[in-house]
Amino acid sequence: MIVLLVLAVVATLSLGALLAVAMDGRIGDLTGQVARQRIETEGPDRLNRDLAPVWYFSLAAAGLSVVPFAPGLALLDSPVGIVIWGTCEALTIVTVFLHGWSPNAPFPLIGAYRYVAIALPVMLPSMFVLIAAALPAESLSLLAIVESQREIWNVARQPLGLPLFAIVVLTLTLRGPMDFADAADIATGTSADESGSARALWEVARAAMLVSASALAATVFLGGPLGPVLPGPVWLWIKTAALVAAFAWLGRRIARTTPSRMLTILWVVLLPLSFLHLAISGVIAL
Numbered sequence: 001m002i003v004l005l006v007l008a009v010v011a012t013l014s015l016g017a018l019l020a021v022a023m024d025g026r027i028g029d030l031t032g033q034v035a036r037q038r039i040e041t042e043g044p045d046r047l048n049r050d051l052a053p054v055w056y057f058s059l060a061a062a063g064l065s066v067v068p069f070a071p072g073l074a075l076l077d078s079p080v081g082i083v084i085w086g087t088c089e090a091l092t093i094v095t096v097f098l099h100g101w102s103p104n105a106p107f108p109l110i111g112a113y114r115y116v117a118i119a120l121p122v123m124l125p126s127m128f129v130l131i132a133a134a135l136p137a138e139s140l141s142l143l144a145i146v147e148s149q150r151e152i153w154n155v156a157r158q159p160l161g162l163p164l165f166a167i168v169v170l171t172l173t174l175r176g177p178m179d180f181a182d183a184a185d186i187a188t189g190t191s192a193d194e195s196g197s198a199r200a201l202w203e204v205a206r207a208a209m210l211v212s213a214s215a216l217a218a219t220v221f222l223g224g225p226l227g228p229v230l231p232g233p234v235w236l237w238i239k240t241a242a243l244v245a246a247f248a249w250l251g252r253r254i255a256r257t258t259p260s261r262m263l264t265i266l267w268v269v270l271l272p273l274s275f276l277h278l279a280i281s282g283v284i285a286l
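Residue numbers (our numbering): 1 to 286.
Careful, some of the hints might be misleading.
To be verified - Ranges between beta-carbon positions, derived for each pair:
{"hint": "1", "residue 1": "Pro159", "residue 2": "Gly43", "range": "47 to 55 Å"}
{"hint": "2", "residue 1": "Leu276", "residue 2": "Asp50", "range": "13 to 21 Å"}
{"hint": "3", "residue 1": "Asp45", "residue 2": "Leu276", "range": "41 to 49 Å"}
{"hint": "4", "residue 1": "Ala90", "residue 2": "Thr264", "range": "43 to 51 Å"}
{"hint": "5", "residue 1": "Val80", "residue 2": "Val54", "range": "23 to 31 Å"}
{"hint": "6", "residue 1": "Leu76", "residue 2": "Thr264", "range": "31 to 39 Å"}
{"hint": "7", "residue 1": "Val80", "residue 2": "Ile280", "range": "29 to 37 Å"}
{"hint": "8", "residue 1": "Gly25", "residue 2": "Val283", "range": "38 to 46 Å"}
{"hint": "9", "residue 1": "Ala184", "residue 2": "Ser58", "range": "22 to 30 Å"}
{"hint": "10", "residue 1": "Val54", "residue 2": "Ala279", "range": "25 to 33 Å"}
For the record, the hints were derived by calculation from the structure and aren't laboratory data.
All residues carry an ideal CB built from backbone N, CA and C; glycine is no exception.
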């Protein structure tokens with residue numbers, strides 16, 4: 001059974017990442033990157049440069065490991081699955097920062113610091129939203145959260161949860177209005193001096209994180225593997241694919257504002273709104 005779950009995680013990340021790249025229309029770009037020669041900056045931190053995409057992909061896999069593929073069945077059956085996911089979120093910020101730090105160049109470093117400034121405030125709303133989703137289950141286990149949605153999904157009883165978590169997903173995957181790490185206004189930021197297979201690997205890891213975050217959102221807000229007729233894993237894949245498509249579409253359609261304005265939105269609007277969402281969810285759960 002463990003082997004099957006490992007295969008399910010690997011297949012979900014691999015096929016899901018391919019789907020995400022295809023939705024972005026970047027399969028040709030990645031193929032071209034693999035064929036290109038790698039160009040190095042002067043005095044790079046080679047260890048962190050080479051490990052950053054590996055850590056990114058590994059964090060996506062770790063986050064997916066706590067997601068149930070069937071009711072009561074996950075690769076990592078942890079009573080604190082939400083906490084494990086939160087750890088993956090925090091380490092993703094570190095990984096993106098190291099990706100920008102390692103080239104020893106101005107644009108990547110600007111992207112790294114700018115991303116940290118934006119991503120850290122996003123972690124608070126993320127935890128508020130996920131804890132609110134855990135309240136009906138009275139547990140931080142994703143298995144228990146799935147079971148608590150047999151009668152009604154969290155997206156129906158907590159309608160603000162999924163839209164708020166969408167901001168978290170866009171931040172973790174460097175997309176659309178939350179792409180302050182690899183943005184065009186700083187010549188693709190942390191990836192500005194990256195080329196060849198390393199650049200392609202970073203893009204694949206970014207797509208894998210989109211799959212992992214979408215699977216987590218499908219589990220927490222859409223009942224995960226719950227559904228009629230079809231097996232649990234199929235329902236999880238259908239819901240995850242739908243969210244991958246939705247988040248990819250949002251990333252292309254919503255414009256990015258300035259970092260200072262985004263920080264104001266995060267602290268003045270998003271954080272109070274997510275706390276209010278948690279408070280209302282707590283009252284309803286009582």
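Here's how the hints hold up against the structure:
A C-beta distance of roughly 51 Å is found between Pro159 and Gly43, which places it inside the suggested range of 47 to 55 Å. Checked against the given bound of 13 to 21 Å, the beta carbons of Leu276 and Asp50, roughly 43 Å apart, lie outside it. For the hinted restraint 41 to 49 Å between Asp45 and Leu276, the CB-CB distance of approximately 42 Å keeps it satisfied. The beta-carbon spacing between Ala90 and Thr264, approximately 23 Å, falls outside the hinted interval of 43 to 51 Å.
Checked against the hint of 23 to 31 Å, the pair Val80 and Val54 passes, with Cβ atoms roughly 25 Å apart. Between Leu76 and Thr264 the Cβ separation comes to about 38 Å, which falls inside the hinted range of 31 to 39 Å. Separation of Val80 from Ile280 is about 24 Å and departs from the stated range, judged on CB atoms against 29 to 37 Å. Taking the beta carbon of each, Gly25 and Val283 are about 45 Å apart, inside 38 to 46 Å as hinted.
A hinted range of 22 to 30 Å holds for the C-beta pair Ala184 and Ser58, which are about 28 Å apart. A hinted range of 25 to 33 Å for the beta carbons of Val54 and Ala279 is inconsistent with their spacing of about 40 Å.
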